[in-house]
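Chain by chain, the residues run as shown.
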Amino acid sequence: MEEAIIRFEHISMEFPGVLANDDISLSIRQGEVFALVGENGAGKSTLMNILYGINTPTAGNLYVRGEKVTSFSPKAAIDRGIGMVHQHFMLVPSFTVAQNIVLGHEPKNGKLLFDNKKAEKLTRDLVAEYGLAVDPSAEVRDISVGLQQRVEILKTLYRGADILILDEPTAVLTPQETDELFEVIRRIVREKGMTVIIITHKLYEVMAISDRVGVMRQGKLIGVENTKDLNEKILASMMVGRPVLFDHLEKTGEPGEVAIEVDNLFVSDNRGLPAVRGVSLSVKKGEVLGIAAIEGNGQSELLEAITGMRKINRGKVTICGQEATGKTPGEIRELGLSHVPEDRLSTGVDKLASVADNLLIGRQKEKRFNLFGFHQRRSTVERYAEELYEKFDIRGAGIHTEVGSMSGGNMQKVVVAREFSFDAPVLVISQPTRGVDIGAMEFFHTRIIEKRNDGAAILLSSADLDEVFRLSDRIITLYEGKITGEFTTNEITKEEIGLYMTGTGEGAKA
Amino acid sequence: MSKAFAWIRRKLNPGYIASVAVSIVVALLIDAVILLIAGHDTITAYRELFVYPFSSGRHIGEMLEYAMVLCMCGLACVIGSRVGIFNVGGEGQLLLGGLIAARIGSMMNGMSPWVVIPCAALGAMAVGGLYAFIPGILKVKLKVNEVITTIMLNSVAAAAIPFFSSSLWKTSRFNEGIDVPTDFRFTTLIPTSNLTTAIIASAVITFFVWYVLQKTTKGYEMRLIGDNPRFARFSGLKADRIIIITMVISGVMCGLTGMFRVFGAEKTFIMTKVSKDYYFEGLMVAMIAQYQPIPTIIISLIFAFLKTGAYGMKTVGVPIQIYWVIQATVIFCMAGEKGIRAAIRKAGERRAAERDILARKEGGAVHE
Numbered sequence: 007m008e009e010a011i012i013r014f015e016h017i018s019m020e021f022p023g024v025l026a027n028d029d030i031s032l033s034i035r036q037g038e039v040f041a042l043v044g045e046n047g048a049g050k051s052t053l054m055n056i057l058y059g060i061n062t063p064t065a066g067n068l069y070v071r072g073e074k075v076t077s078f079s080p081k082a083a084i085d086r087g088i089g090m091v092h093q094h095f096m097l098v099p100s101f102t103v104a105q106n107i108v109l110g111h112e113p114k115n116g117k118l119l120f121d122n123k124k125a126e127k128l129t130r131d132l133v134a135e136y137g138l139a140v141d142p143s144a145e146v147r148d149i150s151v152g153l154q155q156r157v158e159i160l161k162t163l164y165r166g167a168d169i170l171i172l173d174e175p176t177a178v179l180t181p182q183e184t185d186e187l188f189e190v191i192r193r194i195v196r197e198k199g200m201t202v203i204i205i206t207h208k209l210y211e212v213m214a215i216s217d218r219v220g221v222m223r224q225g226k227l228i229g230v231e232n233t234k235d236l237n238e239k240i241l242a243s244m245m246v247g248r249p250v251l252f253d254h255l256e257k258t259g260e261p262g263e264v265a266i267e268v269d270n271l272f273v274s275d276n277r278g279l280p281a282v283r284g285v286s287l288s289v290k291k292g293e294v295l296g297i298a299a300i301e302g303n304g305q306s307e308l309l310e311a312i313t314g315m316r317k318i319n320r321g322k323v324t325i326c327g328q329e330a331t332g333k334t335p336g337e338i339r340e341l342g343l344s345h346v347p348e349d350r351l352s353t354g355v356d357k358l359a360s361v362a363d364n365l366l367i368g369r370q371k372e373k374r375f376n377l378f379g380f381h382q383r384r385s386t387v388e389r390y391a392e393e394l395y396e397k398f399d400i401r402g403a404g405i406h407t408e409v410g411s412m413s414g415g416n417m418q419k420v421v422v423a424r425e426f427s428f429d430a431p432v433l434v435i436s437q438p439t440r441g442v443d444i445g446a447m448e449f450f451h452t453r454i455i456e457k458r459n460d461g462a463a464i465l466l467s468s469a470d471l472d473e474v475f476r477l478s479d480r481i482i483t484l485y486e487g488k489i490t491g492e493f494t495t496n497e498i499t500k501e502e503i504g505l506y507m508t509g510t511g512e513g514a515k516a
Numbered sequence: 225m226s227k228a229f230a231w232i233r234r235k236l237n238p239g240y241i242a243s244v245a246v247s248i249v250v251a252l253l254i255d256a257v258i259l260l261i262a263g264h265d266t267i268t269a270y271r272e273l274f275v276y277p278f279s280s281g282r283h284i285g286e287m288l289e290y291a292m293v294l295c296m297c298g299l300a301c302v303i304g305s306r307v308g309i310f311n312v313g314g315e316g317q318l319l320l321g322g323l324i325a326a327r328i329g330s331m332m333n334g335m336s337p338w339v340v341i342p343c344a345a346l347g348a349m350a351v352g353g354l355y356a357f358i359p360g361i362l363k364v365k366l367k368v369n370e371v372i373t374t375i376m377l378n379s380v381a382a383a384a385i386p387f388f389s390s391s392l393w394k395t396s397r398f399n400e401g402i403d404v405p406t407d408f409r410f411t412t413l414i415p416t417s418n419l420t421t422a423i424i425a426s427a428v429i430t431f432f433v434w435y436v437l438q439k440t441t442k443g444y445e446m447r448l449i450g451d452n453p454r455f456a457r458f459s460g461l462k463a464d465r466i467i468i469i470t471m472v473i474s475g476v477m478c479g480l481t482g483m484f485r486v487f488g489a490e491k492t493f494i495m496t497k498v499s500k501d502y503y504f505e506g507l508m509v510a511m512i513a514q515y516q517p518i519p520t521i522i523i524s525l526i527f528a529f530l531k532t533g534a535y536g537m538k539t540v541g542v543p544i545q546i547y548w549v550i551q552a553t554v555i556f557c558m559a560g561e562k563g564i565r566a567a568i569r570k571a572g573e574r575r576a577a578e579r580d581i582l583a584r585k586e587g588g589a590v591h592e
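Protein chains in written order, with our numbering: chain A, 7 to 516; chain B, 225 to 592.
Worth flagging that the hints you see were computed from the coordinates, not collected in a lab.
Treat the hints loosely; a few may be bogus.
Just some of the chain B residues that point at chain A, by a computed CB distance under 7 angstroms [claimed, not checked]:
1. Thr-441
2. Leu-448
3. Arg-454
4. Arg-457
5. Ser-459
Restricting the straight-line Cα-Cα distance to at most 25 angstroms, the calculated cross-link-like pairs of lysine-lysine (BS3-like) are [claimed, not checked]:
6. Lys-333(A) / Lys-394(B)
7. Lys-81(A) / Lys-257(A)
8. Lys-317(A) / Lys-497(B)
Which chain A residues face chain B? A few, computed with CB under 8 angstroms, are given here [what the hints assert, rightly or not]:
9. Thr-331
10. Gly-332
11. Lys-371
12. Phe-380
Model, not experiment: these values are computed from the prediction.
Cβ atoms here follow ideal geometry from the backbone N, Cα and C, with glycine treated the same way.
Bound-form chain A, shown alone (with noise of 0.2 angstroms):
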């Protein structure tokens, strides 16, 4: 247990400009779950590319089980028993299990021909000595995100690694996935010996999981603790370098009449395939509605219908008493609804244009911008681009800077600065916080809860299942377009919300 399997020794990494990792000394110990946290930017990626070979350290040296590393690249890597499965997967999508697990080696029938009999015997041998349960000749589009990452894992056990790396493994699996994934881990560990890093800014899977933690901060590698001798308020605050506020979320007032309104609504995706069938729901002034759902199933298609931006096959849509159904985005608006989308860069922002620019778009035409009704005075523009900029604690070099440029997180607040800004008593907000740092993050959920409070109907969804139960007073779980249960948030778990988002829950049976 006590032996150093991996040790940075000085290890820095310098990008044009950015100092990425700064001097980093770490030890990692055979035959345990260390955890790596820190906020976006931090260095923890790097790091790990490091260890995987795809960078090669500025300074200082890395060993793998006492041998010093000369030569860094993946292939090396993997000879060294390093495997790595990546946020986004690298499968093909037409192949079966077996057939992915053994590409780049496969099993030769002969010299030339593929052995697939062999490729999904090798498949069985694997799945029955760690006990990854996944059915071999199964094509990879057909299973689920959870098993997929199985196959990934599987991949890199079927190269002999016995070093694992996992970057933010739990992003798009749901709680029951993420319980999965723990059990396969905890088992790789005990009987099998291995060693598994864990890169997440989930600190309470840092929590279930881990045997040791390490912090990252602006490149720097702040702590490293037992993760008994921590908790999740200690974790935060190191991660963030203050203190960070996370139970001060205070609701108040009371839910007042209904301002979202959705009639048995029907919408198809882009290919024109029914993605949202039926749905239903209702949002009062001074109340937040959370949709949780797995991505895929209606939610996008159902909020891009609400705010205009998505045509309505059938059903009718309410906003504030009116009727929105067919309705352009910009006549939706005018109806009192505000948004923030899920995408923010194709949607949410002109990225050519300044932050400026981007904080007026459905201002330009008040009075006080505009000289004669046709001349811009950007004076008074940029007087009021820099009262939100200060308002909404922008960072960034100015509100002459081109958007494009700036961090997620800085760009999300060039977006809600604007779209909260117009005081609406109807906001529909989608994905606040994806790819946005804790310091950042609490910033949006204070702000959300004080539109809330002030009177306003919020809809919200979020792939952040903790965000919806955090900010939501209600939440309702969709499934394959359809809600699959409606519940108030302290009357419900995660694990019981994951069910009905799975379409297994008690609702869908009904």
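Assemble the complex: chain A is given as a structure, and chain B must be docked to it using the hints.
Same frame as chain A, but now just chain B:
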């Protein structure tokens, strides 16, 4: 102080200016070699290139008239590009504008120029705008690619116009031509040259286009639509409507340019003379100017200068085609120069990307 410096940088873009200057110099060097190989006296030829355009009032006039046409066409293209459409059909719009203007002029012979000239201008603008409206509405309503439709409509115009100009509406003694009566023509500014008061009208229009694009709320909305139409729609802009209107305005400018040609320099409508693919040259100007109004004006002047200079080189025996060679090399060098700048900037990123590819090949995994 640093704020003022940042402002200047933002407004002037020194990198761009350097890039244009370098490409012109490099192009001239390349062309010097070409001239040498072709057996011409390069020094004499280049002296003519630089001296000839300013050697007489007439040459200056020709140069400015040509710059005017390029600038109007270039700006028509710039306007379209602001909302993300590429109007390639300006040639047809220009010719139709010229044709209708000439017809109105010849029809209303004897009436007051105060009535006829505005009528001709309005007619030219209407037909140019209408001819641009077709691809505009097709793009917005049916998502038909405007590049294809506008190119095709050029051919339609080129095929249809001779029917009017050399038979139905012909007034000239020659095979083709609709004459504009002397009373209606723009006043010549420099005697014996083609330069007329049309350039004053063009200057006013140019200023107005710059003003609308850069300084008004409408220009701001157009820019957002061009950058990201989905975002514009999301933000409540009536993107489709603004796109169609912009396309029409682009056509209106081309039509008006046609009218300037026949009421100014040409005095009669002969299709091949009113425009020798001038719109396509304007298009190149706009591209090199990166679709910015002020650079479009400057590049128009540079191109007009080079073309007039090429006529100068002709007087010492260099064929006029050398102008096309120079223009082509300038464009080529600009494209290349831009590529080099981008290459330097991306050198670091590329190194990382190569590693990435290596990682995929060897490890079968991807680094995101």
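Do the hints match the structure? See the list:
Taking 7 angstroms as the C-beta contact cut-off toward chain A, the hint placing Thr-441(B) at the interface holds, the least distance being around 5 angstroms. A cut of 7 angstroms between beta carbons decides the hint on Leu-448(B): the least distance to chain A is about 5 angstroms, and the hint holds. Of the supplied interface hints, the one on Arg-454(B) holds, with its beta-carbon coming within about 5 angstroms of a beta-carbon of chain A, less than 7 angstroms. Hint on Arg-457(B) holds. Least Cβ distance to chain A is approximately 6 angstroms, under the 7 angstroms limit.
About 4 angstroms separates the beta-carbon of Ser-459(B) from the nearest beta-carbon of chain A, less than 7 angstroms, and the hint is met. Restraint check: the Cα-Cα separation between Lys-333(A) and Lys-394(B) comes to about 52 angstroms, which exceeds 25 angstroms; the hinted pair is violated. Of the supplied pair hints, the one linking Lys-81(A) and Lys-257(A) is violated, its CA atoms being roughly 53 angstroms apart against a limit of 25 angstroms. Among the hinted pairs, Lys-317(A) with Lys-497(B) is inconsistent with the structure: their alpha-carbon atoms are about 50 angstroms apart, more than 25 angstroms.
Checking Thr-331(A) against chain B: minimum C-beta separation of about 17 angstroms lies over 8 angstroms; hint violated. This hint is violated: Gly-332(A) has a C-beta 15 angstroms from the nearest C-beta of chain B, more than the 8 angstroms allowed. Satisfaction of the interface hint for Lys-371(A) is found here, the shortest Cβ-Cβ separation to chain B being roughly 7 angstroms, below the 8 angstroms cut-off. With 8 angstroms as the threshold, the beta carbon of Phe-380(A) comes within range of chain B, its nearest partner Cβ sitting at about 5 angstroms, so the hint holds.
Going down the numbered hints, you'll see the structure goes against 6, 7, 8, 9 and 10, while the others check out.
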